[in-house]
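Could you build the full structure based on these sequences and the hints that come with them?
Going line by line, the protein sequences match chains G and D.
In case it helps, the numbering used here puts the first sequence at residues 20 to 516.
In case it helps, the numbering used here puts the second sequence at residues 15 to 527.
By construction, these hints were calculated from the structure, which means they are not laboratory data.
Every residue, glycine too, gets a C-beta built ideally from N, C-alpha and C.
Careful, some of the hints might be misleading.
The calculated lysine-lysine pairs, modelled on DSS-like cross-linking and capped at a C-alpha distance of 27 Å, are [said to hold, decoys possible]:
hint, chain 1, residue 1, chain 2, residue 2
1, G, Lys48, D, Lys167
2, G, Lys190, D, Lys415
3, G, Lys392, D, Lys167
4, D, Lys124, D, Lys274
5, D, Lys167, G, Lys402
6, G, Lys190, D, Lys514
7, D, Lys380, D, Lys499
8, D, Lys499, G, Lys182
9, G, Lys155, D, Lys455
10, D, Lys380, G, Lys190
11, D, Lys514, G, Lys509
12, D, Lys484, G, Lys182
13, D, Lys484, G, Lys155
Interface residues of chain D toward chain G, partial, derived using beta-carbon atoms under 7 Å [as the list claims (entries may be wrong)]:
hint, residue
14, Glu117
15, Asn200
16, Lys201
17, Val227
18, Arg374
Letter by letter, the chains look like this.
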Amino acid sequence: MKRLMPFLMLWMAVLMTMAAEAIPDRPEKLQFPPLQYEPPKAADYRVVLKGGTVAYLAPDRSLPLVNIVVLMRVGSYLEPAGKEGLAELTGYLLARGGAGQRSAEELEERLAFLAAQLNSGVGAVQGSVSLNLLSKDLEEGLGLLRDVLTQPRFQEDKLALRKQQLLQSMKERNDESASIESYQSGYLSYGEDFFLNRHTTVASLEAIRREDLQAFHRRWMHPTNFILAVSGDFDRAEMIQKLERLLASWPFAGEKAPQPPSEYRLAEPGIYITEKDVNQGRVQIILPGVRRGDPDLIASQVMNHILGGGGFTSRIMNRVRSDEGLAYSAGTRLSPGVYYRGLFQAGFQTKSRTVAYATSIVLEEMRRITREKVSEQELETAKRAFIDTFPRQFATKAQVVAALADEEMTGRYFTDPDWFEKFRERVAAVTAEDVQRVAERLLRPERAVILVVGHKPDILLGHPQHAVSLKDLSKGPMVDLPLRDPLTMKPLPLAAK
Amino acid sequence: MRSAWKWVCLAGLAAWPATAQQVPVIEKTLSNGLRLLMVVRHDEPTIAGGWVAHVGSANERPGITGIAHLFEHMMFKGTPTIGTRDAEKDRQIMAEQDRIREEMRVEEAKVRAAFRRGEIEDWQKPEHQTPRWRELNQRFQELIKQQRELLVKNEFDRIYTSQGGSGMNAFTAKDLTAYFITVPANKLELWMWMESERLYRPVFREFYAERDVVYEERRLRVESTPLGKFEEAFESMVWKAHPYHWPVIGWPSDVASISKAEADAFYATYYAPQNITAILVGDFDPQTAVSLAERYFGRIPRGPQTAPEVITLEPPQPAEQRMVAEADTNPRVDVVWQSVPFQHRDGYALQVLAQVLNGRTGRLYKRLVLERQLATSAYASQDSMKWAGLFGISAEVREPKTPSELEEGIYEVLEELKNKEVPAEELQKVKNNFAAAEYRKLSSNMAILFQLIWQDGMGDWREINEAGAKIQAVTAADVQRVARKYLTRENRTVALYHRKTTSKAADTPVAAR
Chain G
20 MKRLMPFLML WMAVLMTMAA EAIPDRPEKL QFPPLQYEPP KAADYRVVLK GGTVAYLAPD
80 RSLPLVNIVV LMRVGSYLEP AGKEGLAELT GYLLARGGAG QRSAEELEER LAFLAAQLNS
140 GVGAVQGSVS LNLLSKDLEE GLGLLRDVLT QPRFQEDKLA LRKQQLLQSM KERNDESASI
200 ESYQSGYLSY GEDFFLNRHT TVASLEAIRR EDLQAFHRRW MHPTNFILAV SGDFDRAEMI
260 QKLERLLASW PFAGEKAPQP PSEYRLAEPG IYITEKDVNQ GRVQIILPGV RRGDPDLIAS
320 QVMNHILGGG GFTSRIMNRV RSDEGLAYSA GTRLSPGVYY RGLFQAGFQT KSRTVAYATS
380 IVLEEMRRIT REKVSEQELE TAKRAFIDTF PRQFATKAQV VAALADEEMT GRYFTDPDWF
440 EKFRERVAAV TAEDVQRVAE RLLRPERAVI LVVGHKPDIL LGHPQHAVSL KDLSKGPMVD
500 LPLRDPLTMK PLPLAAK
Chain D
15 MRSAWKWVCL AGLAAWPATA QQVPVIEKTL SNGLRLLMVV RHDEPTIAGG WVAHVGSANE
75 RPGITGIAHL FEHMMFKGTP TIGTRDAEKD RQIMAEQDRI REEMRVEEAK VRAAFRRGEI
135 EDWQKPEHQT PRWRELNQRF QELIKQQREL LVKNEFDRIY TSQGGSGMNA FTAKDLTAYF
195 ITVPANKLEL WMWMESERLY RPVFREFYAE RDVVYEERRL RVESTPLGKF EEAFESMVWK
255 AHPYHWPVIG WPSDVASISK AEADAFYATY YAPQNITAIL VGDFDPQTAV SLAERYFGRI
315 PRGPQTAPEV ITLEPPQPAE QRMVAEADTN PRVDVVWQSV PFQHRDGYAL QVLAQVLNGR
375 TGRLYKRLVL ERQLATSAYA SQDSMKWAGL FGISAEVREP KTPSELEEGI YEVLEELKNK
435 EVPAEELQKV KNNFAAAEYR KLSSNMAILF QLIWQDGMGD WREINEAGAK IQAVTAADVQ
495 RVARKYLTRE NRTVALYHRK TTSKAADTPV AAR
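This is how it looks when you write it as structure tokens:
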């Protein structure tokens, strides 16, 4: 006991010195140990299975769980005209409509008893079936997964139920101003005929039969169109064997899915207003963006971060929210398109009377970033944000294989295999000149399509303290954009003028 | 002298993967009463850091409802050294702003009085502000301009962002307010500096603009959504006496008029270190973290008083309550019953009961969606808050059935559970899912941080490790007993939603171009 005393006292003395040591007045004065981080390399995870299907595997024995994701090259872009909703229905019912020897009810009961999560879905350009379960149940789970992928039963009663659920959710299309904004933005951004705007309607839903689901399934859901991402509690070599068995002797031959369409049409510049009687207007300013392979991709992301993509460090958030208290959320998005050019979108929500004023601020900031070079500090903040948060997308093994599988699915694995490896140095190389150059290229307020959803009379009234009128914010026309009939998506007549 | 070092270690750090269901939390109380919880995980080179203040809307009073949430916003506004180029001048300008705002409040009271007398129809319309208010506002706007010259906008965010911090955010609930972020593993000291700095000497800059931001948040979430105002009214109806009665975001009149002085007093009471728990989950050395915490957070003096507890107990409900609403929504039914708070012994059986009802193999789905086709979806939950709790069931009507038919259907499902014990296999299925969730909940640093925030916020972080066994111990008889005890007619409040037939929007003439 006594011998311990001096040590204890020394320990406490050290602590007290630390506590007494002055805390610096600014965080820049703190010193940090260096942080080394190497992104995952595809080669360490990638396996080409016998049939040619690619799988990414990441064993991780820390928890007794296995996670298997089958990514599928399939989407609503492959739906025949008049059967809108077929991809979504097929995707959902793959796992929910019975499979193999099991009825839907039996399959659900078994999955629930095993506490296994088996889900499926198909979106616009990609589908997936995922299984998460305890590793002790892996063998049985793979059997169920195989049944779902190869022998889905698409039970009639479950199809009818799903149709009813979709029908009812359709009825809510005009209930929320956010939902109206979403579909109107889609029409303005891509044009009526682009596949993203081929919405499910009552008629298309009625036209879909069980045989359509079966045909859609057999045509596209085949290992040729699959990429696997597998992580969790397993041995790598054993898992490869299991995956070979999962995909072996597929009972039908499908087609290789074509690329999604890439041609779309942005609306003419102007202000488009949809009437909705709420006390807060929703605004979106839309311009063409970039495709993922664009040489300006990274510079444009840095520019977007400074302008409005960087949350509270961005200019638009600072002005619209912090300075003026005009909105809770305000910012910009520049999502690069994989198969077609993405969009630039600035958006916010503000009380009806300040819609015009807040819009004018956002447009002003869009102009300013094209006219003046950004400051070194802003540039540095944006670049550090990308560079230092880069490891976060690989936080878990499930995320690692998902990110690598996505690179494979979208083709960048072949066109730019060093994407992850080089990402940070490419960000570091962006200059203030680059930012201004891409801003000039992309941000053309005179071409902007401005969508406003809200209570038009109050919005046009403006605010006594801010002399801005909405119609002066665009050289284009001011257009009343009608609501759509939620069940047919045909424009509704505008109220009498 | 510093206080004795109390280490509470539920499982050795080295044992992490082997005892995966137990989260190895290390607890330490600093000399000023601030508690520190730590969970070490080396999966990725990051640390999820957060802290929870044991204060929420339940600690407010009428007139200042929404203040706890407004605080959550103000905590990002900086300190004397973060956010301004000249702290002293900044302080002087703010003092003058507050003085003018106090005068403006007098004018705002006149507008409310005019509204009460029926002289104006909308107290928020800018045209109704008094001439004196406008005059004062001009001076106020001048001061804002002066202050802006000195401001370093959102510097708190910028520092974190430029150092690799991500996902910084905060939320306010009825019982707690929490702040969180993920930082790179080498930035532990930055987190200590930043978080202790804003607790130690916060400056509530841009207070009045932020009040407007909060009001926009209210419009966004409550006023301009189809169900927002109905759900708010429903919740107020459920809680008659307890402070859960008012919404977290606050009543419109209160949000618009909370004063800086009220905010200062609230901060002094509820943001004292003894009312706060800091939590770290991720890749760090706990001894270093404790030393740093003592050094940084330890400098904050213990508050002079203990935050007062919420005394009001909701009186037993004497009769069923009911709201019938017409809204822009598919027809639906919400039923809630007064149940039990966090860690009440019946809470575990109620959670099991909710899961017997839930999911595609649950009773609600099987009976109401599949067999009787009364609903398109249905969901049950036990919400155990700090001071009281609710059991709830929500379901969407399958058209052309009616809300009343669905409501009756819900009660029939519950009668079945009251009359007959849940079969063994069905109970086991539910327990299997709770057991698997024990693993799934450990998927990431942030997931663990959130659970600790909630459970410590409710009053005891140990629940993260203790709830599992209590759930597994629930019997079929327990489930039957709690169903009979709590899910009674007089204990429930019901909302029936019908779709509004004539949309006002369609009747509003659209002005000519």
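Looking back at the hints listed earlier, which ones does the structure fail to meet?
-> 8, 12, 14
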